[in-house]
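S.K.: Construct the complete structure from the given sequences, taking the supplied hints into account.
As they're listed, the protein sequences go chains X and G. Quick note, the first sequence lines up with residues 2 to 397 if you use the numbering used here. Quick note, the second sequence lines up with residues 170 to 799 if you use the numbering used here.
Be careful, since some hints might not be right.
[Unchecked claim] Taking lysine-lysine pairs in the BS3-like style, the calculated list, with each CA pair at most 25 Å apart, reads: (1) X:K14 <-> G:K756; (2) G:K756 <-> X:K212; (3) G:K707 <-> G:K718; (4) X:K256 <-> G:K765; (5) X:K212 <-> G:K767; (6) G:K771 <-> X:K212; (7) G:K391 <-> G:K273; (8) X:K15 <-> G:K765; (9) X:K15 <-> G:K756; (10) G:K756 <-> X:K256; (11) G:K765 <-> X:K212; (12) G:K776 <-> G:K765.
[Said to hold, decoys possible] Chain X is nowhere near these chain G residues, computed Cβ spacing over 10 Å in every case: (13) M238; (14) G269; (15) D284; (16) K367; (17) P393; (18) R407; (19) P496; (20) A505; (21) L520; (22) I578; (23) P614; (24) E710.
No wet-lab data here; the hints were simulated from the structure. Glycine residues also receive a C-beta, built at the ideal position from the N, C-alpha and C atoms.
Chain residues, written in single-letter form:
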Amino acid sequence: MFGLYLHIPFCEKKCSYCDFYSLESTEHIDAFVNTLLTEIDLRSPVMPSGACPAEGRVEAHTSVFFGGGTPSLLSPEAMSRIITRLHERYTIAPDAEWTMECNPGTVTPERLAAYRTAGINRLSFGVQSFTASELTFLDRIHDADEAVAAMTMAREAGFDNVNMDLMFAVPGQTMETLSYNLSRMLQLAPDHISAYSLIYEHGTPLFARLKKGLITPTSEDIDAAMYALVITTLTDAGYEQYEVSNFARPGKQCKHNLTYWHGENYIALGPSAHGFIDTTRYWNHRSLTAWTTKVNAGELPEANRETLTNEELCTEYLFLTLRADGTPIAEFEQRFGVDLRSALQPDLGHWIDAGFVIDNGTTLRLTGEGYRVCDEITVKSIQFVDRVPSSLRSSG
Amino acid sequence: MDVIPSFRHSVIPSFRHFVTSSFPYSVTCGLMQHYRNFCIIAHIDHGKSTLADRLLERTGRVTAREMTMNQILDDNPLEQERGITIKLHAIQMDYLSPSGEKYKLNLIDTPGHVDFSYEVSRSLSACEGALLVVDATQGVEAQTISNLFMALEQGLEIIPVINKIDLPSAVTTIDNVKKQVMDLIGCKEEEMILASAKAGIGIDEILEAVVARIPPPKGDPKAPLRALIYDSIFDAYRGVVVNVRVFDGTLKEKDKILFMNTNQTYELDEVGVLYMQRQRTGILEAGNVGYFTAAIRRLQDSKVGDTVTLANNPTDRPIEGFREVKPMVFSGIYPAESDDFEDLREALGKLTLNDSAISFEPESSTALGFGFRCGFLGLLHMEIVQERLEREFNQVIITTVPNVRYKVITTKNEVMWVDNPAQLPNPTMINEIQEPYIRAQIIAPSEYVGTIMKLCMERRGTMLGQTYLSADRVDMTFNMPLGEVVFDFYDKLKSSTRGYASLDYEYSDYERGELVLMDILLNGEPVDALSSIVHRQKAHEWGKKLCVKLKELIPRQMFEVAIQASIGSKVVARESISAIRKNVIAKCYGGDISRKRKLLEKQKEGKKRMKQVGRVEIPQEAFHAVLSLD
Ligand SMILES: Nc1nc2c(ncn2[C@@H]2O[C@H](COP(=O)(O)OP(=O)(O)OP(=O)(O)O)[C@@H](O)[C@H]2O)c(=O)[nH]1
Ligand code: SF4
Ligand SMILES: [Mg+2]
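M.R.: Pasting the structure below:
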């Protein structure tokens with residue numbers, strides 16, 4: 002797997018909880034598109050710039066993901082130009098997954114059809130809730146009806162792979178409203194559901210309100226109960242949980258996200274985007290101006306990069322796979338020369354006994370109960386990394 | 170009213186008697202006439218080290234400009250931070266008397282805290298006199314008496330100094346305090362010097378009294394060398410620096426010396442006296458106090474209390490040494506990470522070079538792995554050792570609950586010494602358990618008699634005697650198990666008497682006790698490092714408190730944790746810690762991974778400091794939970 006991520010840093014209105022890099026003014030969106038085309042060139046393996054971290058890489062990209070921000074603020078024409086340029090500059094597999102994040106409040110049937118024609122084959126809607134008070138709390142610009150309408154439009158435009166985001170542990174939310182949100186979402190039959198517990202991210206307006214004591218966060222007990230409700234409702238409805246917050250119908254897991262979680266490579270473009278190639282992670286400037294200036298000067302717009310040690314790679318691989326669809330034992334041994342089953346004893350035995358972890362013979366995988374305490378298990382699991390002789394390890 | 174403490178007579182038949190007869194040496198040569206060796210003794214905080222500052226200043230040993238900090242002799246950062254003296258400090262001063270005579274004064278500042286009273290007794294043996302400092306607002310307190318008696322036993326001339334007369338409240342207390350002091354040592358009013366170490370009052374008078382009242386040392390510089398080791402310090406470059414008081418003969422560089430007790434010979438490298446830094450003189454004659462080095466790598470070779478003589482002309486009269494100090498309180502010290510065991514051994518080895526009162530022996534625990542059972546003089550000593558290990562030797566350690574050393578008589582009538590509760594033999598093999606008792610002396614205003622009696626009784630004490638030092642000041646003696654005093658007795662005593670009570674104690678004997686082993690079980694598994702030996706009648710309450718405390722200290726885990734206190738198979742208390750309900754960050758995409766990894770790695774470091782028993786992770790603080798019980 003080999004991913005390609007493009008960050009579109011514009012939103013109509015910032016949501017109170019969001020810490021993604023995005024601007025409320027779309028004034029510079031056209032200039033942004035041109036600059037993005039230049040970065041596509043800069044990082045291209047077929048361009049002479051030589052600055053591409055994946056230079057010489059012949060592997061085809063298996064997924065392309067337009068995230069943000071709100072990529073649906075891009076006109077279909079702009080989207081089309083970007084996609085054409087990507088095809089010119091990168092090898093992209095014919096069956097690649099092309100995802101685009103959309104705000105249910107910014108789509109029309111025409112636009113969706115045009116995106117589909119341009120090559121997008123997967124949509125991701127930030128629905129979050131079907132309860133008006135919750136949507137207001139989160140500062141979402143759409144209402145429940147618009148979410149329903151968006152889904153209908155998506156299906157009519159020919160999208161057979163649609164994700165919806167759902168949020169729980171929102172202050173004021175009850176088990177009843179969550180249950181209502183879930184059933185409304187299931188009625189729309191998305192192919193994929195991302196269900197997140199609300200995070201109070203530093204620097205967001207929501208975090209400031211929390212610090213001022215204006216918000217009572219959901220208690221751990223209720224958060225846990227809500228999470229359990231989400232997991233059972235969605236699994237009962239035929240969705241398979243393949244990551245802490247992600248559920249999919251069979252065959253509809255998001256390939257792009259699995260790229261992150263399986264420790265595979267991905268190129269990233271656009272302000273604040275993070276890319277990862279072999280052992281190196283880079284991140285672009287988190288400022289449209291800084292990013293634009295660099296790219297237009299013909300330089301990589303990176304704020305920084307880090308090369309991971311074997312220990313760090315091992316830690317990342319373990320925690321990412323554990324929180325997703327499990328750590329493949331053979332692959333782990335091949336990458337790091339470590340027999341995971343014995344490295345995790347005696348804890349692994351306790352976790353299996355308690356029903357937190359399943360060893361299915363090839364993979365160590367968290368159960369629904371296990372996901373609930375995923376970080377506890379992870380912190381404990383990565384302890385062995387310090388004890389493994391580095392000579393045994395190779396970079397993946 | 171008879172205000173003289175009743176037991177004083179039993180300890181010292183007559184104080185005046187000692188002053189005149191304790192030094193059976195007849196010779197005082199010309200040089201010696203101008204030496205005075207004295208120490209400063211007092212109850213804790215009565216101002217010994219501050220007085221030393223003034224003396225050093227007045228004699229010009231330290232200029233006012235060099236006096237960059239208060240209590241300048243307290244040169245260990247821990248002493249400065251805590252504002253207390255831990256180690257004796259010797260220093261020589263030159264004093265020009267108004268009479269025109271020049272003197273060399275060897276001063277030793279001593280600690281006041283009861284844990285370090287052995288430092289006082291060693292200091293005394295190098296001196297002919299002592300300044301007994303008494304705080305004008307506090308009056309005679311427990312260590313005032315115990316240190317005074319030690320000095321009297323050594324036959325020292327006592328100069329009473331009433332200090333802190335600058336304090337406004339001294340106006341109302343001073344007459345009473347003067348009377349207490351006069352009653353205590355049987356001196357006349359004019360023999361007491363009124364002083365303020367802080368304001369520099371009475372300093373000249375003290376210096377004059379030192380030369381006038383303290384006898385010069387006696388000894389024969391021509392006789393075979395007899396020098397007493399009263400302290401030794403390990404210096405990484407020169408090896409052991411031995412501090413001595415020369416009684417007879419002369420120490421010269423290049424001399425071949427013999428340590429009489431250990432029978433080791435060495436050639437002297439460097440000989441000198443002690444200023445703020447060591448001052449090489451090449452020679453040290455009878456009557457003087459100073460140091461030498463001889464490339465001694467092992468502190469055991471130069472034992473404190475041993476007599477140094479010349480290898481080729483040894484004395485036949487070794488000086489009577491000191492009673493060896495025995496650790497009273499024991500605790501396990503373990504490396505936080507098991508790989509660091511050898512490092513810790515090395516650090517302890519080095520620390521004991523400078524503090525021979527510490528004992529340590531390897532031991533192991535199922536909960537904590539390999540570590541050491543260490544012995545200390547008391548709780549303050551323990552705290553200081555632990556802090557020095559961390560600060561001076563960069564050790565990350567886990568310490569267990571301190572306990573005393575028990576004497577176990579087995580059914581086969583054998584005696585076993587147990588200083589680690591986990592090593593108590595099976596009850597079926599125990600005939601009886603004995604525990605150390607102390608004789609505790611408490612001095613307090615008489616209004617607190619009831620409170621103090623109650624407190625001591627709760628701690629299984631029995632009163633031995635009660636004497637009024639003055640109409641409103643009482644001196645009480647109790648026989649108490651040391652194990653009951655070790656923890657928070659002193660704090661309790663202080664808080665229930667608004668700080669007015671003072672405590673001194675000395676070891677008395679072992680007595681049989683109704684003692685049982687209390688185990689702590691976490692999810693059914695005993696945690697050996699949490700075991701303690703408690704009195705049967707207190708086991709229930711103790712167990713309850715401990716369980717509650719552990720519940721507070723052990724963080725919630727993925728599983729519910731049951732905490733039980735048990736005696737044998739009988740559970741006497743229990744608590745439980747509910748499991749973590751949810752701990753997972755919802756989002757982790759490309760941009761979050763690096764941050765998330767760092768967060769997890771940080772949490773991992775935190776977890777590393779936890780010890781795991783079965784499924785339960787125990788933070789370090791839990792292993793000395795008892796110390797914070799109330
Ligand atoms: N007001 C006043 N305070 C004093 C005087 N002498 C000492 N102090 C204060 O009393 C406290 C204790 O003084 P130290 O000199 O450390 O007492 P110490 O007897 O050496 O104490 P230990 O070595 O711990 O036993 C300090 O805060 C001093 O500043 C004095 O004459 N007047
Ligand atoms: S629409 Fe999405 S990216 Fe934009 S502010 Fe809201 S949550 Fe953030
Ligand atoms: Mg002092």
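S.K.: Compare the structure with each hint and give your call.
M.R.: Tested hints:
The suggested pairing of X:K14 with G:K756 holds, with an alpha-carbon distance near 21 Å, which does not exceed 25 Å. For a cut-off of 25 Å, the pair hint linking G:K756 to X:K212 stands: about 21 Å separates their Cα positions. With a CA separation close to 16 Å, the supplied pair G:K707 and G:K718 stays within the 25 Å bound. Between X:K256 and G:K765 the alpha-carbon distance is near 21 Å, which keeps this suggested pair within the 25 Å criterion.
Taking the CA atoms of X:K212 and G:K767, the gap is about 24 Å. The hint holds against a cut of 25 Å. For a cut-off of 25 Å, the pair hint linking G:K771 to X:K212 stands: about 23 Å separates their Cα positions. Between G:K391 and G:K273 the alpha-carbon distance is near 21 Å, which keeps this suggested pair within the 25 Å criterion. A C-alpha spacing of about 24 Å is found between X:K15 and G:K765, which places the hinted pair at or below 25 Å, so the restraint holds.
Between X:K15 and G:K756, the direct Cα distance comes to roughly 18 Å. Compliance with the 25 Å bound is thereby established for this hinted pair. For the suggested pair G:K756 and X:K256, the alpha carbons sit about 16 Å apart, so the restraint of at most 25 Å is met. The suggested pairing of G:K765 with X:K212 holds, with an alpha-carbon distance near 22 Å, which does not exceed 25 Å. Proximity of G:K776 to G:K765 is assessed by CA-CA distance (about 16 Å); at most 25 Å being required, the pair is judged to hold.
Annotated as non-interface, G:M238 keeps its C-beta farther than 10 Å from every C-beta of chain X; the closest such distance is 42 Å. The Cβ of G:G269 sits about 73 Å from the closest Cβ of chain X, beyond the 10 Å cut-off, so the non-interface label holds. Non-interface call for G:D284 relative to chain X: holds, since the shortest CB-CB distance, roughly 39 Å, exceeds 10 Å. In this structure G:K367 is separated from chain X by more than 10 Å, as the shortest Cβ-Cβ distance comes to about 47 Å.
With a minimum CB-CB distance of about 62 Å to chain X, G:P393 clears the 10 Å threshold, and the non-interface call stands. The non-interface label for G:R407 is consistent with chain X: the shortest C-beta to C-beta separation is roughly 40 Å, beyond 10 Å. Residue-level check passed: G:P496 sits 36 Å from the nearest beta carbon of chain X, beyond 10 Å. For G:A505, the non-interface assignment is confirmed: its Cβ lies about 14 Å from the closest Cβ of chain X, beyond the 10 Å cut-off.
With a closest Cβ-Cβ approach of about 28 Å to chain X, G:L520 is found to remain outside the 10 Å limit, as its non-interface label requires. Non-interface call for G:I578 relative to chain X: holds, since the shortest CB-CB distance, roughly 40 Å, exceeds 10 Å. No Cβ of chain X comes within 10 Å of the Cβ of G:P614; the nearest lies about 48 Å off, and the non-interface call holds. The Cβ of G:E710 lies farther than 10 Å from every Cβ of chain X, with a closest approach of about 33 Å, so its non-interface assignment holds.
Checked against the numbered hints above, the structure breaks none of them.
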